[in-house]
Structure formats: structure tokens, C-alpha cells
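Engineer: Here is what each chain is made of, one letter per residue.
4 protein chains.
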Amino acid sequence: MGVLRLAHVDVRTPDLDLSTAYYTEVMGLSVTARTADAVYFKCWDEEDHHSLRLRYNPRTGLDLFSFRVEAEDDLGALETAVERYGCHVTRVSRGESVGQGESLRFEIPSGQTMELVWDVERVGNLLGKRSPAPVPPPGLPGIAPPRLDHMLIHAEEVAETGSFFRDVLGFRLTEQVLDGNGHQLGIWLQRSGRVHDIAVVNGPNGAMHHWAYWLDDWDQVRKAADILAFNGVQIDQGPTRHGVTRGNTIYFFDPLGIRNEVFTGGYKPDPDFEAITWTEDNFGKGLFYYENVLSQRFLTMHT
Amino acid sequence: MGVLRLAHVDVRTPDLDLSTAYYTEVMGLSVTARTADAVYFKCWDEEDHHSLRLRYNPRTGLDLFSFRVEAEDDLGALETAVERYGCHVTRVSRGESVGQGESLRFEIPSGQTMELVWDVERVGNLLGKRSPAPVPPPGLPGIAPPRLDHMLIHAEEVAETGSFFRDVLGFRLTEQVLDGNGHQLGIWLQRSGRVHDIAVVNGPNGAMHHWAYWLDDWDQVRKAADILAFNGVQIDQGPTRHGVTRGNTIYFFDPLGIRNEVFTGGYKPDPDFEAITWTEDNFGKGLFYYENVLSQRFLTMHT
Amino acid sequence: MGVLRLAHVDVRTPDLDLSTAYYTEVMGLSVTARTADAVYFKCWDEEDHHSLRLRYNPRTGLDLFSFRVEAEDDLGALETAVERYGCHVTRVSRGESVGQGESLRFEIPSGQTMELVWDVERVGNLLGKRSPAPVPPPGLPGIAPPRLDHMLIHAEEVAETGSFFRDVLGFRLTEQVLDGNGHQLGIWLQRSGRVHDIAVVNGPNGAMHHWAYWLDDWDQVRKAADILAFNGVQIDQGPTRHGVTRGNTIYFFDPLGIRNEVFTGGYKPDPDFEAITWTEDNFGKGLFYYENVLSQRFLTMHT
Amino acid sequence: MGVLRLAHVDVRTPDLDLSTAYYTEVMGLSVTARTADAVYFKCWDEEDHHSLRLRYNPRTGLDLFSFRVEAEDDLGALETAVERYGCHVTRVSRGESVGQGESLRFEIPSGQTMELVWDVERVGNLLGKRSPAPVPPPGLPGIAPPRLDHMLIHAEEVAETGSFFRDVLGFRLTEQVLDGNGHQLGIWLQRSGRVHDIAVVNGPNGAMHHWAYWLDDWDQVRKAADILAFNGVQIDQGPTRHGVTRGNTIYFFDPLGIRNEVFTGGYKPDPDFEAITWTEDNFGKGLFYYENVLSQRFLTMHT
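Chains as they are written, first to last, in our numbering: chain B, -15 to 287; chain W, -15 to 287; chain V, -15 to 287; chain R, -15 to 287.
Since the hints were made in silico from the structure, they are not lab data.
Since this is a predicted model, take the numbers as computed values, not measurements.
C-beta: ideal position from N, C-alpha, C; glycine also.
Some clues are possibly wrong.
[Unchecked claim] Estimated spans, in silico, between C-beta atoms of each pair: (1) Val82(W) / Ala117(R): 34 to 42 Å; (2) Ser147(B) / Arg43(W): 36 to 44 Å; (3) Leu162(B) / Glu264(R): 43 to 51 Å; (4) Phe214(B) / Leu2(V): 31 to 39 Å; (5) Pro188(V) / Glu264(R): 56 to 64 Å; (6) Val82(W) / Thr44(R): 54 to 62 Å.
[To be verified] When the alpha-carbon atoms are kept at most 35 Å apart in a straight line, the in silico DSBU-like pairs for lysine-lysine are as follows: (7) Lys252(V) / Lys252(W); (8) Lys252(W) / Lys252(R); (9) Lys113(W) / Lys113(B); (10) Lys252(B) / Lys252(V); (11) Lys252(W) / Lys207(V); (12) Lys252(B) / Lys113(B); (13) Lys252(B) / Lys113(W); (14) Lys207(B) / Lys252(B); (15) Lys207(R) / Lys113(R); (16) Lys207(B) / Lys207(R); (17) Lys113(B) / Lys207(B); (18) Lys252(R) / Lys113(R); (19) Lys207(W) / Lys207(V); (20) Lys113(B) / Lys207(V); (21) Lys113(V) / Lys113(R); (22) Lys113(W) / Lys252(R).
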């Protein structure tokens, strides 16, 4: 019971048409709804209403990120816990948000707005529930990832934000990078049984580093790189491998400069998995195992 | 809370040396303990004491299969539930089983012995917890899967066994095959958030069809096939793709005729995932999507 | 100098529309010309006019197969050699065949019609010659192989047909299967520096077993299998690996029952490569390394 | 007839033990001979005596590169052609070079020493000629490429060196990069029917940029990257894709700073293939399609 997985990311874009063209034609998401100032997207294997909302705003930025909880009752229990920690929680009623029912919203210690939701509108995946083909129809446009995977946010006080996620929301630590004084520079946290659902790395409060889509294997990573280059998309790093999480990855920028990732691999931690610890001098290969380098662009650019 | 994942499979072999040679040199597991009549094995990425026990016995067969629960308290709650269903539960004390503490044992409606355990001896994976390499050392012998994935057992009454797993043990149905009268011929069940942890298919009570190791991708599937053929192992089916679960797979027989599988792929069901239903006339491609055939050897041979 | 590579295969089909739909939508070839009774196809990376001609005829069958020679002068030299061997050679003038200039035609000892051509119409590949993208545009329909690779024909007297290809046409033997008396059951021959351009296996004179398209890797083989199954195409064998040639492969049937193959892998023989010899008792794994079986359907069905 | 393919590369190393350890344990070559000051290596699928010679010398550098010719008579014809061009040719007699018979040596216009040889000692590959396994034995150490593929040398006058390779030695141009004045900055040349056997890029005369080993696919490229990182080898660029040649690649440095490449992919040019032309402003993506960048380290470091 409790928090289940990353549900959707809501971001602002100054050019909704351009962003929409990119997320449909290059990333290969499908549009599930449009309102006056926003477009909603999902991946082909996702069953919920959306996993990405783009909203027009003159300034690029993160509106919020939303995690789904496992049971309806979890909302009440988590509301109590978050308020006890000292965060003000707002209940957003059914009808106020497109594609979902009641949710909780609050500001986490590092300043981002987080949402918890259980009641999401089901629209179904592309394959259906009756003797479905095990692969999507050939010829889906773009990268066409099956689903949203995780995100990475910044925090000035990584340990404090980590405590909030762990002690209040029940996340579990899978990996951490410590500086020479034993302070956390970065943490990787999971609730879904995958290697991470959210990561927090030292940086300005309120900032988002990237969100990531799942790909099924290394060959899909190459296909993604081919599609990105074919479309003139700027690749930030990769195809490469992470030391942290073991995953294979590409980082790249959407047309408005927001960093996206495609990710595959990782491992399957038990809830009582003993976390992995990286020393700061190994952070280079923790970040990019092949390059063994702390890329300044990677570490300093964010949304 | 509750059942977490498949922990270990305990089988009997009339030739412990031959079986041990196969599971180490061809499958690529490592031996973690030996007793007078048994050998214990684990995969390179597993942290627990073992995921396979081979015990000498003149007749090949399944001793039991064991699932790990998430918390120590789960044992008591599940004991109550299983006894309330009408199964007799035996508590196996710490010290009676190699590599683990107290456990529950009981016979499920289809006649196999099932075990539940929380307290397992941690021996650690091959990579460690301090700035570990994200890949195992090059040159591991054999197929070297990272971990055990799932198993398939037979039941004369699939629906009855399914009810036990779902109502008593809290498993969730991800896929089912129905005959023309709407009776379940096969069911796929999960607790771990993966596409299945155990499957139950119509067949003789007490029988096991196979257990499966996880591989990371389709290329590892080919590598496995190359290693199997190189060692003269009889392949039952594959490399191919399942319709049910979407996974890529090879089935093959160990030297004593016990069926093994290597498996990759699948999807990521939420706990409230609406199950997929296959009609009987689609079972052929549900089983083997490329061949579209109900192989008699596959359906009738078991342990 | 001399014979260069397989250029095109010309076959008959009783349903030109159905065959055309399959070769464009499932195989993913493009149509380059149509006449009253024939359709011409090429792969996306081929620069010549066509590599497949389908001609309407009430009865399925092979019209001819065509090899390109390296230089214009090769035609005269090869005409002399073929006639000296005792085959009657017909010169087909420019204008008589769509998409190519003058060619030679003759019946080989096993009864099939073979053509040699140098002057082929160039239509260019999909990428062009000016700073081209290294990958085709995303979203090509079907399997979309880059090019034709090789073919396999039958012969009642394999050794005699082999002598013709080797002594008269300059092909080189890369692999052979010998029966217990040392007679050739099958031979694999190359001119292009790849593992084979044509193979000859014991069977009825005049018959064709299959032609094959090149795929770039094992992942493309899976993608091909997914597309075939998605379209309900009957797979004959595979995805699997050959012992002979080492290639990865799938065999399957077009809608009129003509066998196609997709193939990748192999090695790179020098012109003086010492041929590999398979004994008859190893032919099973020579054919299909994973299955280790002489499939009767594979050995007895042909066009 | 004529030049066939790259046969071996002979380089100098100040630390023969360290270099030998790297080329056997990390690259995964096998040692076929040792003399007082040199070690000879081959890949597992190569049948000739060696494809790499390392010779002790206080200063790292290229001794020579050697191409095999198709027939014994080619040596005389090519000697005449090279001398007519104005290069002095030395005949090296059988017995003077380890692992091969008579050869020709001469300095090409860009200053490197080139060798031509036909008579090479055959030692056979790892699989043999009798019903061989189609895959090498599992567990070969290191990257274990099947064979040497191509090399890249520098020339102050690319066009002049290109003319020598094309007009005198019969190489064919597959791709070229032109500056704004139409001068060649880089050329890719083939004799073997593959996309390139040698490339020449603007840079100091006498210098070598890298030589490359063939890998079978993108998954082998990742495996190579994993092995390189595991061994702490410095990667120069990749895993990535070339625009020129379309290949997938990693560049990296041996322990003495000599650049190696692993390469897969490409296409299959006919002898009369019309060359592809890249404009200088597209050179970035011609070099590295994903990064779209002219890496200074890549362009300026050489041996």
C-alpha cells in the first residue's frame, strides 16, 4: 500500500504547437486530450489518461509531478503524514483536473509541487484485453516508448528531501552518491520495485533535471538515437550506460530545451534491498560508465 | 505487504553430479552450499542464499517452491489465511532449512508443496554495494542469468488453484485463457509488479511444468540458445515470443528432463490491472506467437 | 572480374495483386515498375531497377534468376564458357527486359533458367549520394530489408551443378554437406565475398527452395518475426541459427506458398578459403543449429 | 584480381608486455608467435598467421600496414604499377617476415610504408573445417572480435594519396568529404566489397589514426564498451554511429595511446558504386551522426 509509481509530469512550454509536434512525431506519444491551453499525452502501452501534460506558459518549467497511490485509502493516510511533516496539502477535487479524480498537492522540501492521485481515468493501451498482439502495430511514429519510467529533480539539501520521500512517503533508497564528508550528493529512490522512480541530485530547489521513458532494450536505444539524429534533436549524452542503476540511456533536449531521457535495464530491488553507495571520486563512472566523466552540461542545465 | 516474489525452487534429481555440472557450467549458476544430499545455487545478481536447491532422489520431481514475503509479520497473517482456507500449515523452524530462517509450508489445492519465507540469509550479489561495476565480470561461464523469474505449475482445477492464490495469498491475475465454456485453462498471476510470478495451466495435480530465469534482452536469448546448442542441450521451443506476457523465450530440458526457461520482456501491470483474456482458439499464438501452434510436447511433458 | 552477385529473382504468381500486397506491405519492398502482367520490386538500399519480378501466371514457379557481372566484357567471356560447357545461350537484347540492357540466358544443368547481366538501370537507393542519413527514414512499412542476399535451388545431381557454377562461372565453394559415400548433398557457393550467393541442395531439377533478404542483425530478425506473426504469415522455421553459414534466419511462406528467408550474419571468406565440410549425421545442426533436426517440410517443400 | 583486403598492421610499442596484456585480455586476440622483440596476434575467426604485429621500440608508431592480394601473379603486376608511379619497391623474401612469404614494400605518397603479400601462413580459425560450431566457444576473454576490418591513415594531400590507391592499386572510392573549394578532406576506399578497407583523412604525412576490428552487431558494441569500461580503458568516442559508412562504432586508446576502433554495419557497394559526397558543413554528422560534432581530440590525436 502507499505510493505506487510515477503517473504524470506536467510542464510548461512557450510553444505548445512545437512541443506537441515533437512529443508526437519524434517521441511518438499520442494525444489523449486538448484544452484551451494544454495538451495531454500518453505512451502506447499506458492505460491511464495521460503521463505528460504540456501547458502553455511564456516560461518553460515544471508545474508538478504526480505519483499514483495503490489504494483509494492511501490518500487520506498520506495526507496526514505530509501535513504532520509540516507541508500544506491541497485537495484537488474531481473535475478540476483533466483525466483524473481527487488528488493531493503539496510542495516538497526542495520546492517542487508534487501530486498524489489514485483515481485516474482509464483509456486503455493500444493492444486491448482480448487475445492481444504482443507487439504494437508496426509503423508507430517516432521513438514510441511503452511507458513513462522515472524522473530526476534537484534539491539544495538532498538528504532533507530524501528524508521526506523515505520517511513520509515510504520511498526506499536504492543508490546514493556521498561526498568526502558523507553528505548525499544524489539519491535514487523507488516504490514500484524497479531500480528508481525518482532521483534527487544536488542543485537548485524547484528545478527538474529530466524525466525518462522506458525502452525495452539496447537496440531500442539505438533506434531512438537514430530517430533523434534524423530529426536533428540535440543529444546531451549517450547512447551510454549508467554506473548508478546499470541502465542504458540517452539524454537529449526537446525543442524548448527540456531534457528528456530514454532508459532501459536496471535491476529489481527487494523492499529491504541494502542501498548501493558511490563515493564522490567514482561519481564520473556512476553517471556515465563509458565516459567516466562529470559532464558540466549534464550537471548544470535544468528546467 | 504480503507475498513478494518467487524465492527458490527445490527439485529432486537422480544424478546430483550431472545436474550440478549442468546448472553451473551450462546455466551458469554458482554453488552457495552443499550438504550430504543437496546442492544450493544462486544467480550472479541474487543477494539471497539460493534460488535453486537440487536434492538427490531416485526419482525426478518437485519438492516445493518458495515465495518470499515482504515483512516478518506477513507470515502470521498468511498462516491464518491459509489455515482458514482449510490447508494444514507446518512451521519449519530456523535451522531446519539451509540458508533461511522460519518458514511456512502447506499443500496448495493442486497438490504441490508451497513455502513462504521472510528471513533469508543474505550472501550478496557478485557486484557488491560500493561503487559497483554495472555489469558482471566478463567471462562468467554459461548462460549466467541475473535472477530467477517465475514458474509454471499444473492443476486439474485451474480456477480453484487460482482462487487460492488470489483470495488467500493476494496474487493478482494478469492473463487467462478460457475455453469455449468460459473455464480457465491457464492463468498468469503476479505479486512482484512483473507480468507473472507464477502461472497455472491445466494438467495433472502435483506437476511442475518449468521454472524460468530472467534474461536482460533478446540478444541474451540468442546467446543462451548458442550456449545450449553448443552444449548439446535439447531445446523444446524457441527462441520465440509468447503472446501471453509478450515475453521472448526459450524452453529446454536439463539433463534429467526437467524443463527450464529463459525469459525476457513483458510489461508492468498495476495492482488493479484489468486482466487480459485469451480465447481457446487463440491459445496457439498466445503460447507461441511466431509458430501459432499448441505443441503437444510442450503441453504434455512435465516434472 | 566475372560474376558479381545475385541481381534479381523472377517468379510467377497466380495472384499478382495478393503477391504485390504482401511484398510491399509485409516484406516492405517498393514497386519500381508495372507492366500488363508483371510488377518489379526493389529493397530500400538497392540502387538497381529491381531485385524481384512477379509475373502473372496460373501456376506458381521460378522464371529465372539473374546474376550481375562485374564488367561489360564479362558477358562475352562467360557466354563462350557456358557454350563450351554445352549449354545453349540466348542473348536478350536491350529493350526486351524491363530495367536492364543486354543479358545472357541459359539453362543450368539442374534445369533452372539463369541470366547474366551487366547493364542495369540505376534508380538509386532511398538515401541518395549527398550527405545522406545513415538510416532509412523511420516508419518504412513491413520488414524493409536493405537488399536481396542469396537464393537456394534444387538439383538432382548437386555435384554436377556445382561443377558448372565453379568451373564455368567461377563460383567458389564455402561449405558442403557430404553423405556417407562422400557425395555432395548440398553446396554453398559465393562470388561476392560473402558466405554464399547461391546454394544447391539435393532435390528435383528445376525447383527453387527460397530466396533470402539480408537483415542487419538479430534484432531485425525479431522485428521481422513480429511483423510476420502480426500479419498472420506462416513461419516455416525460426528465428534460429544455421550451422552452415553461421547465419541467423527465419523461413516463411508468401501468400502463394513460395518460401522466403530473412538472413543475417555469416563470415567473410577469401577467394582461396578452404571449404567447410559437414558430414550427413551433422546435417541437422548444420541446417538448424538450435533445433538439430532435418525438418521434412523444410526439405521437401519447394517452388 | 588485385588487392584483396587489409591483412595486418605492424606497430611499435615501448612496453611490449603491457601492450600484449591489453591486446590479449581486453581486446581478446590470441598470440600466434613471439620473437625476441615482437609478438604476433590474430582474431578468433582469422585463418592467417596474424593480423597485428607489435614490435618493441622506445617510440610508439606505425611500422607498416599490409594488404593481401588475390593471386600470386598480382604481386608482379602491382610492383610494375607502383614503380611506374615512381615509388621504390623492395621485395622482402620468404623467411624475412614471420608468418608469410614474399612481399612487396614501398612508401605511399603520404609517407607510410605499405606492404603487399599473397603467400600467408595459414593457421586456421578457432572453429575448424569439419561440421564446425557456428559460434566460438563461450567464454573467450575480452572483446574477441572475429577479424580485422579496416584502417585510417593521414595524408597532407588526401587527393594525391587517393589517386595512388585508386589509379595504381585499384581501390574504389565509396565516400568523400569535400571542403568548400571541392578539395577532398577525407576519402573512404574499398577493394573487398565492404564499405571501406582504408580511409585517408587530412593530417600529417606518415601518421596513422586507428585500425578497426569488426564486430557482428550493436549488441557486441555494447559488450565491447562494457569490457573497455570494466578494464578502465579510455574511450575516445562512442558507442555511436557514423554518418560516413553508416557503421556503429567505439573509438578508444590502447595503454600506449594508440587509437583502436570496433566497428559494425555499413553497406555493400558494387565495384561501380557511385561515391557518396559529404559537404564540409555536414562533416560533423558524417563523423558522428548522434553527436554531430567535429571532436578535436578525434581529429588531432594520432600515432
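Engineer: Any hints from earlier that this structure breaks? Give me their numbers in increasing order, please.
Structural biologist: 2, 7, 8, 9, 10, 21, 22
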